[in-house]
Amino acid sequence: DTAVSQTPKYLVTQMGNDKSIKCEQNLGHDTMYWYKQDSKKFLKIMFSYNNKELIINETVPNRFSPKSPDKAHLNLHINSLELGDSAVYFCASSHTGSYNEQFFGPGTRLTVL
Amino acid sequence: AQTVTQSQPEMSVQEAETVTLSCTYDTSESDYYLFWYKQPPSRQMILVIRQEAYKQQNATENRFSVNFQKAAKSFSLKISDSQLGDAAMYFCAYRPMNRDDKIIFGKGTRLHILP
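Chains as they are written, first to last, in our numbering: chain S, 6 to 118; chain Y, 3 to 117.
Since the hints were made in silico from the structure, they are not lab data. Heads up, some of the hints might be wrong.
What the hints assert, rightly or not - EDC-like mimics (lysine to aspartate or glutamate), calculated; alpha carbons at most 20 Å apart, straight line: (1) S/Lys46 to Y/Glu54; (2) Y/Lys109 to S/Asp90; (3) Y/Lys109 to S/Glu58; (4) Y/Lys104 to S/Asp23; (5) S/Lys46 to S/Glu63; (6) S/Lys45 to Y/Glu12; (7) S/Lys76 to S/Glu29; (8) S/Lys49 to S/Glu63; (9) Y/Lys57 to S/Glu106; (10) S/Lys49 to Y/Asp83; (11) Y/Lys104 to S/Glu87; (12) Y/Lys104 to S/Asp35; (13) S/Lys46 to Y/Glu12; (14) Y/Lys80 to S/Glu58; (15) Y/Lys72 to Y/Asp28; (16) Y/Lys104 to Y/Glu31; (17) S/Lys41 to S/Glu29; (18) Y/Lys109 to S/Glu63; (19) Y/Lys75 to Y/Asp88; (20) Y/Lys104 to S/Glu58; (21) S/Lys14 to S/Asp35.
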């Protein structure tokens, strides 16, 4: 059974378009995250939600808007896509608490042309 | 600000040999957690091992062990009896012990296993 799933796995789109990436976890976790991994493999957190409440919001353009309809879902909507948005986006989830392991989804490779 | 540094962008090791990946970090906190994550070509991020800063004993998980030197702010990963399946990017990560539980990752070390 998939623990953290993301759709789509690959996304190719034109500059200026709006796109969404969906994330779902079936682990009963109460915290979910979005990370961006750039072409140099650098992995950086973008957002974190705990019980549907925004906890972490790093310096991310406001074209990026996370939405958490419930504890099991954290979707990422991106408006007016730019070339620099091309990256792999990872969703993750965990129980609350720094010790707890974060379980990562398979990643979504976004390519903006 | 906390930072995590992995000074070895790439490393190679012969199959069945032992390899050590380096990681240093900078923080003013006294309580935190440290992690090593593995990212194989499949892209999946997998937790390899974790260490609580308040524990002096080094964590071990089968062939994986760490050398945690708190005063030196060093957290190296040792892989014994390297296997072909160990080939991956390895990320060292730091996480403070508070509710704002943001993980900070190093830039990664790509490990090649030579048959």
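| field | Broken hints, by number | value | 1, 3, 4, 10, 11, 14, 19 and 21
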